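Student: Next come the chains, spelled out residue by residue.
Protein chains: 2
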Amino acid sequence: MAFKVGILGLGTVGTGTVQLLLDPTGRQALLKEVEVYKVGVKSPDKTRAVSLPTAVVTTDLEAIVKDPAVDIVVELIGGLEPARSLILQAINNGKHVVTANKAVIARFGDEIFTAANAAGVYVMLEAAVGGGIPVIQPLKQSLSVNRITAVTGIVNGTTNYILTAMRDRGSDFAEVLAEAQQLGYAEADPTADVDGLDAADKIAILASLAFGGRIKLQDVYCEGIRNVSKADINYAEKLGFVIKLLAIAKKAHSSNSLSLRVHPTLVPQSHPLASINGVYNAILVEGEPLGQVMFFGPGAGAGATASAVVSDILAIAATLKTGTTKPHPLMSCSHQEYCEKAPMEDLVTRFYARFLTQDHPGVIGKLGTCFGNCGVSLESVVQTGIHDNLAEIVVVTHDVREGDFNASLAEIRALPAISSIASLLRVL
Amino acid sequence: MAFKVGILGLGTVGTGTVQLLLDPTGRQALLKEVEVYKVGVKSPDKTRAVSLPTAVVTTDLEAIVKDPAVDIVVELIGGLEPARSLILQAINNGKHVVTANKAVIARFGDEIFTAANAAGVYVMLEAAVGGGIPVIQPLKQSLSVNRITAVTGIVNGTTNYILTAMRDRGSDFAEVLAEAQQLGYAEADPTADVDGLDAADKIAILASLAFGGRIKLQDVYCEGIRNVSKADINYAEKLGFVIKLLAIAKKAHSSNSLSLRVHPTLVPQSHPLASINGVYNAILVEGEPLGQVMFFGPGAGAGATASAVVSDILAIAATLKTGTTKPHPLMSCSHQEYCEKAPMEDLVTRFYARFLTQDHPGVIGKLGTCFGNCGVSLESVVQTGIHDNLAEIVVVTHDVREGDFNASLAEIRALPAISSIASLLRVL
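Protein chains in written order, with our numbering: chain A, 68 to 495; chain B, 68 to 495.
Simulated from the structure, these hints should not be mistaken for laboratory data.
Quick caveat, the model's predicted, so the values are computed rather than measured.
Possibly wrong hints are sitting among the right ones.
Said to hold, decoys possible - Only pairs whose alpha carbons sit at most 30 Å apart, straight line, appear in this in silico DSS-like list of lysine-lysine: (1) A:Lys305 <-> A:Lys71; (2) B:Lys133 <-> B:Lys99; (3) B:Lys408 <-> A:Lys388; (4) B:Lys408 <-> A:Lys99; (5) B:Lys305 <-> A:Lys305; (6) A:Lys433 <-> A:Lys393; (7) A:Lys433 <-> A:Lys305; (8) B:Lys393 <-> B:Lys99; (9) B:Lys388 <-> A:Lys71; (10) B:Lys99 <-> A:Lys283; (11) B:Lys283 <-> A:Lys99; (12) A:Lys388 <-> A:Lys283; (13) A:Lys133 <-> A:Lys71; (14) B:Lys99 <-> A:Lys393; (15) A:Lys71 <-> A:Lys393; (16) A:Lys388 <-> A:Lys99; (17) B:Lys393 <-> A:Lys71; (18) A:Lys297 <-> A:Lys433; (19) A:Lys99 <-> B:Lys393; (20) B:Lys133 <-> A:Lys133; (21) A:Lys393 <-> B:Lys283; (22) B:Lys99 <-> B:Lys71; (23) A:Lys393 <-> A:Lys133; (24) A:Lys393 <-> B:Lys388; (25) B:Lys388 <-> A:Lys99; (26) B:Lys388 <-> B:Lys99; (27) B:Lys99 <-> A:Lys408; (28) A:Lys393 <-> B:Lys71; (29) B:Lys305 <-> A:Lys388; (30) B:Lys388 <-> A:Lys388; (31) B:Lys133 <-> B:Lys388; (32) B:Lys71 <-> B:Lys408.
As the list claims (entries may be wrong) - Simulated restraints on C-beta separations: (33) B:Lys393 <-> A:Gly161: 48 to 54 Å; (34) A:Gly237 <-> B:Gly432: 39 to 45 Å; (35) A:Ile453 <-> B:Asn294: 53 to 59 Å; (36) A:Ala69 <-> B:Ser324: 52 to 58 Å; (37) A:Asp413 <-> B:Gly307: 42 to 48 Å; (38) A:Gly237 <-> B:Gly237: 28 to 34 Å; (39) B:Glu178 <-> A:Ser110: 45 to 51 Å.
All residues carry an ideal CB built from backbone N, CA and C; glycine is no exception.
Required output: the full structure, derived from the provided sequences and hints.
Tutor: Here it is in structure tokens:
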């Protein structure tokens, strides 16, 4: 008995997946029963790193998702359409689906999982978040015995590469971005990465699994790294922090609602996420009674992502092998309710702020008064020097309600001594 | 339909497990179908943190493993006997087994898994290694699509606590051990931890799963941390390393045999394992095509271990829920062959050595000649100072065959100028 796989797309990840499946020796024995039955491509005549029989390669992707012989459809074309339609067609034709497509799952997960449950098939997405790191399966299975309180991740390798390089070399964002584009670590249009949209897709998926509810992508607050300056990276370092783009899903203190957000964050140097550098990803899961566990690994790349894709194929094949027709409760995705979003103004966090002020005596006192008026208590205030006749004052607060902090900023902006607020960042 | 669990032992982990199972709200919904049916204890009248109906608690552990109503036996009494016999009886009575007992699995895994396969039941052991860290299931499932090349872990919290404290405070081993015993981080008899035996049990289990073969515990080379001195920790730090007790299972360069070993190791400060401090555990898995992934978390504690135990109960319940009688290929443990052990003298690694020598000119030259005679090339040689009229010389080698390094040491010991070899450590 062989499980027939139809793969849509033969780009980097598709090629890695086919190479892995065609070379099963020394891996889980069940992989020998998985057959690369069809591979759908755009350009069949393109030279490729993997050689496949002519009968396997086709340009007719719809034929693959409808082929009665196909057991598992592996969607690796990316983007929203035709990926979404092909996935839905595969499901409606009774195929199990494996996808690496975070964008389509974050936007159309409801539609896709509703269809999958109706059809009695699995939709698996280990490769959609964290590349080769096994994090989706632990969240659905092992870790689900916990009451999860927070998922905090460095889930975008491009921005982590940029922030790491900015710190290591004291370079500006624009300079490092240009270099990352040359090296292929950043796209020509870097928007999805540097503005945090890719990380938002991923935290929406992780939050949905960790907290057992559907997530509306627009509920994820999203702020990218374009405004992170080398000055802030330096001040952060002196204060004992590194700046990371974190994707966070966290139960609010006083209710069941979820704070969902992506933003550059000052992370204490002793925190496990602080030492995740370069293109690596890491996901920290906190829960009761577990405490903290962290998963670390390559967030992208053909081999790592292929490992995740094939692990999903393997999981489906193993379940099919048991011959049951009843769905496996830990592989299905059955939640129907939406998670409630906690408003950003109710977020309780520390803040880092950098002010440019007139070099007058008493400015720190005035700042302190505005903060105090709004109930914002300060952990440290440092006047770092004078630039262009302006004094630079860096403030780190204790935990405050974001709404209260914003109210204090409104008062501060009205102070004649304040020239500008050069940066505002949250602190983990 | 409820799944009836019989728990053997109500110590720290047993209590954590019962507390979790009795409080399923907000966790995976399937846990509501798991019933704490029997709990076997030694002293039924002891005051406990968890209150159970009288009918649930019994001192007759054999009755639990034979009870036809019990679906899953959870062995949390630890030690070799009666744990081994009770597990085997449970299996022979058709019960699935969950255990946190690394000692019994490392020693009697062959017997236990042979019996389990014959009886068509699962034996699950997530809690046996790495406390709450989900690492056993990923090795058996997701990561098994890779050809694993190495598993490297900090898997003993007590020794990691001791080494971390020695470094942070510049203290001696004996001093920190005494304090760890007072704090409850080390046992009154610390042998199993500080001599590396507990870590050896755990790497035998991890290696068996990662490399798909049985492991003889006596094949694991084992060296503890009693001889790690604060002097070596200091020198290591100056050379860019931290000293960790690593448990390593690694494919040999040129053959299919496995190097299996536990020993204190100089780890480069930039390595992901270098920043795992205190009682935390971490396991780094390397494979093709994945690259590296690391799992990090609490290596012990009631809550963390209970999370792992209950995740195994959940996995069994989920599979039973599908109504199949065929074994799930990724939950069974089917390998029968033994892994071949690579001899330690064929290990290729870097070494750190500290020599006490007469303070004569030319000693470094003589040392260098002995190393050169045996093909050992040096990365650094530092004369660190004079103590008690003896010069102290610290050497770090490039990668060498351990047999060749030992041959060079035999020559060096014969040099009149050499007073003693104060320490010898491997370098990652």
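Student: Decide, hint by hint, whether the structure agrees.
Tutor: Structure-based check of each hint:
| no. | hint | verdict |
| --- | --- | --- |
| 1 | A:Lys305 <-> A:Lys71 | 56 Å, violated |
| 2 | B:Lys133 <-> B:Lys99 | 24 Å, holds |
| 3 | B:Lys408 <-> A:Lys388 | 33 Å, violated |
| 4 | B:Lys408 <-> A:Lys99 | 27 Å, holds |
| 5 | B:Lys305 <-> A:Lys305 | 23 Å, holds |
| 6 | A:Lys433 <-> A:Lys393 | 67 Å, violated |
| 7 | A:Lys433 <-> A:Lys305 | 24 Å, holds |
| 8 | B:Lys393 <-> B:Lys99 | 25 Å, holds |
| 9 | B:Lys388 <-> A:Lys71 | 26 Å, holds |
| 10 | B:Lys99 <-> A:Lys283 | 28 Å, holds |
| 11 | B:Lys283 <-> A:Lys99 | 28 Å, holds |
| 12 | A:Lys388 <-> A:Lys283 | 35 Å, violated |
| 13 | A:Lys133 <-> A:Lys71 | 13 Å, holds |
| 14 | B:Lys99 <-> A:Lys393 | 19 Å, holds |
| 15 | A:Lys71 <-> A:Lys393 | 21 Å, holds |
| 16 | A:Lys388 <-> A:Lys99 | 13 Å, holds |
| 17 | B:Lys393 <-> A:Lys71 | 21 Å, holds |
| 18 | A:Lys297 <-> A:Lys433 | 27 Å, holds |
| 19 | A:Lys99 <-> B:Lys393 | 19 Å, holds |
| 20 | B:Lys133 <-> A:Lys133 | 51 Å, violated |
| 21 | A:Lys393 <-> B:Lys283 | 39 Å, violated |
| 22 | B:Lys99 <-> B:Lys71 | 11 Å, holds |
| 23 | A:Lys393 <-> A:Lys133 | 23 Å, holds |
| 24 | A:Lys393 <-> B:Lys388 | 8 Å, holds |
| 25 | B:Lys388 <-> A:Lys99 | 27 Å, holds |
| 26 | B:Lys388 <-> B:Lys99 | 13 Å, holds |
| 27 | B:Lys99 <-> A:Lys408 | 27 Å, holds |
| 28 | A:Lys393 <-> B:Lys71 | 21 Å, holds |
| 29 | B:Lys305 <-> A:Lys388 | 55 Å, violated |
| 30 | B:Lys388 <-> A:Lys388 | 15 Å, holds |
| 31 | B:Lys133 <-> B:Lys388 | 22 Å, holds |
| 32 | B:Lys71 <-> B:Lys408 | 41 Å, violated |
| 33 | B:Lys393 <-> A:Gly161: 48 to 54 Å | 21 Å, violated |
| 34 | A:Gly237 <-> B:Gly432: 39 to 45 Å | 43 Å, holds |
| 35 | A:Ile453 <-> B:Asn294: 53 to 59 Å | 56 Å, holds |
| 36 | A:Ala69 <-> B:Ser324: 52 to 58 Å | 32 Å, violated |
| 37 | A:Asp413 <-> B:Gly307: 42 to 48 Å | 45 Å, holds |
| 38 | A:Gly237 <-> B:Gly237: 28 to 34 Å | 33 Å, holds |
| 39 | B:Glu178 <-> A:Ser110: 45 to 51 Å | 57 Å, violated |
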